[in-house]
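Asker: Protein chains in written order, with the numbering used here: chain G, 8 to 502; chain A, 3 to 502.
Hints were generated in silico from the structure; no laboratory data involved.
To give a feel for the contact side, a few chain A residues facing chain G, derived at Cβ under 10 Å:
| hint | residue |
| --- | --- |
| 1 | 91 |
| 2 | 93 |
| 3 | 104 |
| 4 | 107 |
| 5 | 206 |
| 6 | 238 |
| 7 | 352 |
| 8 | 379 |
Being a predicted model, the structure only gives us computed values, none of them experimental. Think of the CB as a built atom: it goes at the ideal place given N, C-alpha and C, for glycine as much as any other residue.
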Amino acid sequence: MTAESHHPFTTVIGLEVHVQLQTETKLFCGCVTTFGSAPNTQVCPTCLGLPGSLPVMNRRAFDLSLRAALALNCKIASFTKWDRKNYFYPDLPKGYQISQFDLPFSYEGHLEVTDPKGAFEPRNVRIIRVHLEEDAGKSMHDETAGTADSRIDLNRTGTPLCEIVTEPDMRSPEEARAWLNELKLLLVYLGVSDCNMQEGSLRVDANVNLHIPQPDGRLAKTPIVEIKNMNSFRSVERALIYETERQWGEWQATHAEIGSMPKQTRGWDDSAGVTRGQRHKEESSDYRYFPEPDLVPVTVSEEQVATVRATMGEPPAMLRKTLAERWHIPAYDADVLVNQGPELVEYFEDLANKVGEGKVASNWMQQDVLRMLNERGGRIADFPVQPAAVADIIARVKKGDFDTGRGKEIFAAVLETGKPVDEVVASMGIAAVDEGDLQKLCEELIAENPKIVADVKGGKEQAAGGLIGQAKRKNPNVNPGKVRALALELIRALP
Amino acid sequence: MTITTTPAAELASALQKGETTSVECTTAFLDRIEATNPTINAFLSVDRDGALAKAEAVDTARAQGKPLGPLAGLPVAVKDVLCTTDQKTTCASRMLKTYKPPYDADVVRRLREADAIILGKTNMDEFAMGGSNENSAYGLVRNPWDTDRAPGGSSGGSAAAVAADMAPLAIGSDTGGSIRQPAGLCGITGLKPTYGRVSRRGLIAFSSSLDQIGPMARSAKECAMLLQAIAGHDPGDSTSLNTPVPEYLTNLEKPLEGLRIGRVAEHFGDGLDSEVAEHVEQTFAAYEAAGATIHEVELPHASYGVPTYYLIAPSEASSNLARYDGAHYGHRWDGTPSDDQGITTFDSPLVEMYCRSRAEGFGPEVKRRIMLGTYALSAGYYDAYYAKALRVRRLIRNDFTQAFEKVDLIGGPVSATPAFKLGEKTDDPVSMYLVDLYTVGANLAGIGGISFPCGFTKNNLPVGFQLQGPALSEPLLLQAAHQYQLTTDWHLQRTPAISS
Ligand SMILES: [Zn+2]
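One chain only, chain G, in its complex shape:
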């Protein structure tokens, strides 16, 4: 249920997303962009903003951002330029950020988000613009022991960032979260960004206000609030839910409408679960944008766009359809698999190929591989059980060596011990149960369970299920299907 569904208003949300491009080197110099290196070790005169240093555009970063813009269905400008955004901050060593102001390299795109569970209608979110800019460094304020010591790490300075600005097209916090998930998935699939929010490679600001129909038919709009400092998609959703309620309360108290005050910026406090007003001063900055004279404008030809498009890869929305058709799996399954990212899809396709049956592979992925992966954490690329081992277990189940339940136990044991399937099967004492043994076991069970036998004879075949549990306790290797079939056969043969 959406948070505001019981309220008589529409929530209007627009997002501003910054993603770090997955380039090896920075946007305007040759420094590497590896995360987590010792502070100030990935720097040079240019990204340190030393006197006399000059920027040179990294064409690969530009092509990567073109890929993002094309995937977001944007128009690509044939002529684009760089601008300086001027402001003072210690993590901005030049005193300006090289960005794009009035001529972004791409504009007017869209990205649709659907919810497979149908919690909301498919929503086409329009994109105003996507532009490229350089990242700032990181300030670390050491407030311990009251030393008020600030340190600056400029490793990140100059890392390429794509800024994606949407129209206010989202209508609920969960829709915004779902859209962010879809955006992230898209950028990860296309290799544009790893979108790691913890490492700061994806950052989100949200603009939100309420549209409230009035008795006279007019639509009242509350002042737009920009929310910052959200460090996960969950935080974005929570902050938007909080802010929606706060604005509704504010509206009821003041009836203040948009335009009655300057746009407000509020910071999200994740632990307190509230948004807090930030100082007005920070909102009214004049960045004194002007064209960057150290760089030449960039022209983009149709051929360049075509080349980028040709090497772009399949976006997730298309992949969901492809996967469902190729492996005859339900749309829901394809959605779950694709949403886990390209590495998992690769794992699935490998497994499905080996198993030969998409649906069986998909079931194992969802019920076993994914469950274990979620429990353990980490990436599928580091998952110790390879598709070949899972396919081996599935094949043995099919052959009747053991049932699915037993197969899952073997899977868990393979994962636990890191041993090959053969060895695990042997060590668990699992061997195919000999026909004679099975016959003997069933005869024993029939002798021990006159009530069940009577029920079955009286027409309640499902009572035979009671024998299966007992059979498994006597010999964990038995195949329940075979026990059931043989037991029924023996009971029917009884006088």
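Use these hints to put chain A with the ligand onto chain G, whose structure you have.
Answerer: Chain A with the ligand only, in chain G's frame:
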């Protein structure tokens, strides 16, 4: 042969023939600097040990018959706006008093590769902002022709060093006339190349779209030698031109037959000193005598050059100089409380550090231009000032394009007056800004210009003549100046003895 009065071209051949050594030459210039710099203040730092070590290395290599660069053994003075790893680079500012760059400017790298001997770093107006060299944090520069007068600026140190025989060759930079105007006032030859001909990497930026590095020497021939060594494409400067560098020296000897030189009537209006006007007209006559033709051309928007320049240059400067904030390098306020800047309340300790560091580190002219530029770029003023200035800049560029359809070069004065008295204009920024009247056009249009001596006033002050040419016309500019210098000896005149 007195080494310090011998032109660089002759020194080069004497070095090649073994008639002198680089150590001998370098020592002579270093001694001359030692004797005259206390008066002239052309050098901010002199690298005696480094220069002599390099000279010795060149002499040894030469003795061993090893291949040497085109400037092998020749001393060069470098304006302190260019980064050098072995010497401080101060930009004549308190802000960079102790700053030593971790990399060489591309031009410095090329000089080293040409086996030139870098004598030291020359004085200038702080951050290249000024036209008299009175805006240096390390003292003004005196004009060697009359030490009560200014050498011009901002490359006043480089111009005075060449004029006073402290260096045979020097590197300057020109944003609105900063090579040509001091060259004119000091009686030497200076070339502002086409924008992009010489890499700006390692040139501490004043106004990125206008700054250009160029050679300063006694003659056009020596400017050609020096330009040959420093010009060329640099992939590290996105605005650097990727076109081949012509052979500047081989072109010099061609006669001027058929050359069309433009004359702009507005250049001879009010404010032009009558003696300057007379020498400039005589120069036109000399060109005519040498086979050139003179044609009246119009630069209709020339009168907007200075106001346009003083919007664009400060705007870019306000951004380029934002990096000097005390946080990473350069001058930082030491924390001593004071109210001498007239400001006592700050938003935060950080803002106080910024404000006080910049208030202490920058001189008044730099602050004035930062304020001008910040204002011109501000929301609400941008369209009226900066954006309009860009439009006028295009008109000025078009003026030149149209003029160059009719003529090959445009001639005229470099400055309205000969060297002015020190202190004469310091209280009147606008009259100081007007010293750029004839030179800013070439920077706004991105074209080349050369200034060379064309006579002396009754007071024995040099008068300069300027030729401007279309983009990449350096061969023609150098040739035209050289041909004039073949029949005149203004450029060979030496200054009166400099009292120490
Ligand atoms: Zn770097």
